[in-house]
Amino acid sequence: MREITYRQALNEALAEELERDPNVFLMGEEVAEYQGAYKVSAGLLQRFGPKRIIDTPISENGFAGLGIGAAMVGLRPVIEFMTFSFSLVAFDQVVNNAPNMFMMSGGQFNIPITFRGPNGPAHQLAATHSHATENFYASVPGLKVCTPATPRDAKGLLKTAIRDDNPVLVLEAELLYSSRGMVEPPDEELLIPLGKADVKRQGSDVSIVCYAQTVPLALKVADQLEEEDISAEILDLRSIKPLDEQAIYDSVAKTHRVVIVEQDHPFCGVGAEICYRIQKNIFDALDAPILRVSQEDVPMPYNERLEKAVLPNADKLVAAVKQVCYA
Amino acid sequence: MQPREQRDEVEMLSLMLLIRRFEERASQQYQAQKIGGFCHLYIGQEAVVTGAVAAVRDDDYIITAYRDHAHALARGTSANACMAELFGKATGCCRGLGGSMHFFDKKNHMYGGHAIVGAHVPLAVGMAFASKYRGEDRVTLCFFGDGAINQGAFHEALNLAALFKLPIVFICENNLFAMGTSVKRSTSLKQIVDRAEGYDIPGEIVDGMNFREVRDKVAEIVDSIRKEPHPAFLEVRTYRYRGHSMSDPASYRTKEELEKYRLDDPITRLRAQLTREGKLTNEQFDQLDQRAKETVLAAVKFAEQSPELPVEKMYDYVYFNGPATSERSAAASVESVAVAATEAG
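First to last, the protein sequences are chains A and B. Sequential numbering of the first sequence, starting at 0, is according to numbering that gives the first Met the number 0. Sequential numbering of the second sequence, starting at 0, is according to numbering that gives the first Met the number 0.
Okay, chain A solo, but in the shape it has when bound (with noise of 0.2 Å):
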């Protein structure tokens, strides 16, 4: 194991499958000559050519749209959005052609493409800018929707999207780009399957359920709990859909209690799915109501401390943390 950021992590998984299977290419604005926007394309063009690393015009509907006719045909896309704020202006060939091309041409053709790039919000960088995709996708069937906290989750997820037959999101955390953390060497195999969560601090009070840039966060006030006696499980969903909720009735059986921390909005958002289920199939084992922490409602605001507002913070966190426990 050694210690890489969450881009070189990107770059690595990238680089291997490019290697792998001539059949992969990466396309998207700014990817190759530039190196990419967030430089997680660094370095590609140069090792496999501009045949395979592809700049493109701002035209995400086009280039979108042009990475699922060519996986209809057999060729493995990853389709890099600048930001997931920008695949809304494909959202109709994300939402309306990859996901339903199988099902309409009765299982003739499956679409293996991977679109990517970072997704939820960032620091001022206002409404249109700041979105946070994962709910929107997560609700379209045919889709598949995973969200890396680590440098070793980054890579092993979207090594494995690109090898999945079907269309993968893989919604990057923006804020964690340069976070560090441990992975296995380059010539170690690092697959890490879709739809399976990841216990990444054990505990017996209460289960933070999180993902993406909700991870540190629940890390960081179960740290703070600790210190007030209150001992939580941080369980990180790893992908959004498929779900593994298997992992997440284990860790409520455990502890009882459940704050789901997102990224998203409240509204129809991620946790409120996660509530359902979890007291349609294991509501005895409740021991409180279940508490969400989101964003708050509203369109992102530029103004930085009107920003902090509306997102989930530790002060929220731990307030929601405390509710469930009765402390």
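Just so you know, these hints were derived from the structure itself, not from any lab. Warning: the hint list may mix true and false statements.
Claimed, not checked - Straight-line Cα separation of at most 20 Å, SDA-like style, residue types lysine to any residue; simulated pairs: (1) A:Lys315 to A:Ile229; (2) B:Lys106 to A:Asn109; (3) B:Lys189 to B:Asp206; (4) B:Lys164 to A:Arg51.
Said to hold, decoys possible - If you anchor each label on the Cβ, the simulated ranges turn out as follows: (5) A:Tyr33 to B:Gly151: 42 to 50 Å; (6) B:Arg225 to A:Tyr301: 47 to 55 Å; (7) A:Ile57 to B:Lys164: 16 to 24 Å; (8) B:Arg290 to A:Pro56: 44 to 52 Å; (9) B:Val310 to A:Glu303: 50 to 58 Å.
Cβ coordinates follow ideal geometry from the N, Cα and C atoms, glycine included.
Please build the complex by placing chain B on the supplied structure of chain A, with the hints as guidance.
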């Protein structure tokens, strides 16, 4: 593989007849409520897809919009599979899961059947991209209507195709109406082909009621693309005799206009050409037509007698290689019981 341009024109006339008779019968079955959803007929436009398909190889890629029955038939999908799809049956070309607007036939290189106007044009560009990526000399024929040319997806796709020099022919089947809105009321250009110029793509206009003209023009374009990959644009001027869909009485145009085009019917025209040249007798034509009618009638019977996909099978068509969700809703289970009960009763 043998280019179809070398194939017998009588065979292509026979194909046009099959398409015509299929659509007429589909119309009748729709009115009898055997066919659900939307149903868009191709009658009047037969020379377009038939001419284009006659000019390419069987392994070239074909993709179109929702007025797609003819494109599948022209590519070799059986009338049985097409009619069964309209009936929603498991023996349909998409197992009854796509319906009229979503015909696919992978084996015959027919890539749909796409019902969001303009949204398949980027897909076509992706297919052409794949051909170039692999170093194949395959050409993609992307059909769409005059309504598609005002969609963003269309413009983005043309720009990408030109930028990447992809082997694709954009074939605009200009039937003068985007649903019920005439080209004059929807498009700022005097002629549609000028859209291509904005992307530095060579464009031409061809008479879509003339099979030979369409075939020869597409053959010429495809030949040039195979030598050196590039996009091309063809505006094919045609006319649909029926409304936009079965629910459209087409009151936005005059009887006189429709009659004018009917007199220029593509089947009548090719028949006359062949008869004049001594390649076809009236008896032979009648035989071809009779055969088309019988094929289509048999297809209706086949569709009627075919089974539907069982309800629980629908979950198999969400994800390739297994389901992503473990839970099936209670509602679906209830419905499945109800359907089973109905079937049993």
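Hint by hint, here is what the structure shows:
no., hint, result
1, A:Lys315 to A:Ile229, "holds, 16 Å"
2, B:Lys106 to A:Asn109, "holds, 14 Å"
3, B:Lys189 to B:Asp206, "holds, 17 Å"
4, B:Lys164 to A:Arg51, "holds, 15 Å"
5, A:Tyr33 to B:Gly151: 42 to 50 Å, "violated, 24 Å"
6, B:Arg225 to A:Tyr301: 47 to 55 Å, "holds, 54 Å"
7, A:Ile57 to B:Lys164: 16 to 24 Å, "holds, 20 Å"
8, B:Arg290 to A:Pro56: 44 to 52 Å, "holds, 50 Å"
9, B:Val310 to A:Glu303: 50 to 58 Å, "holds, 53 Å"
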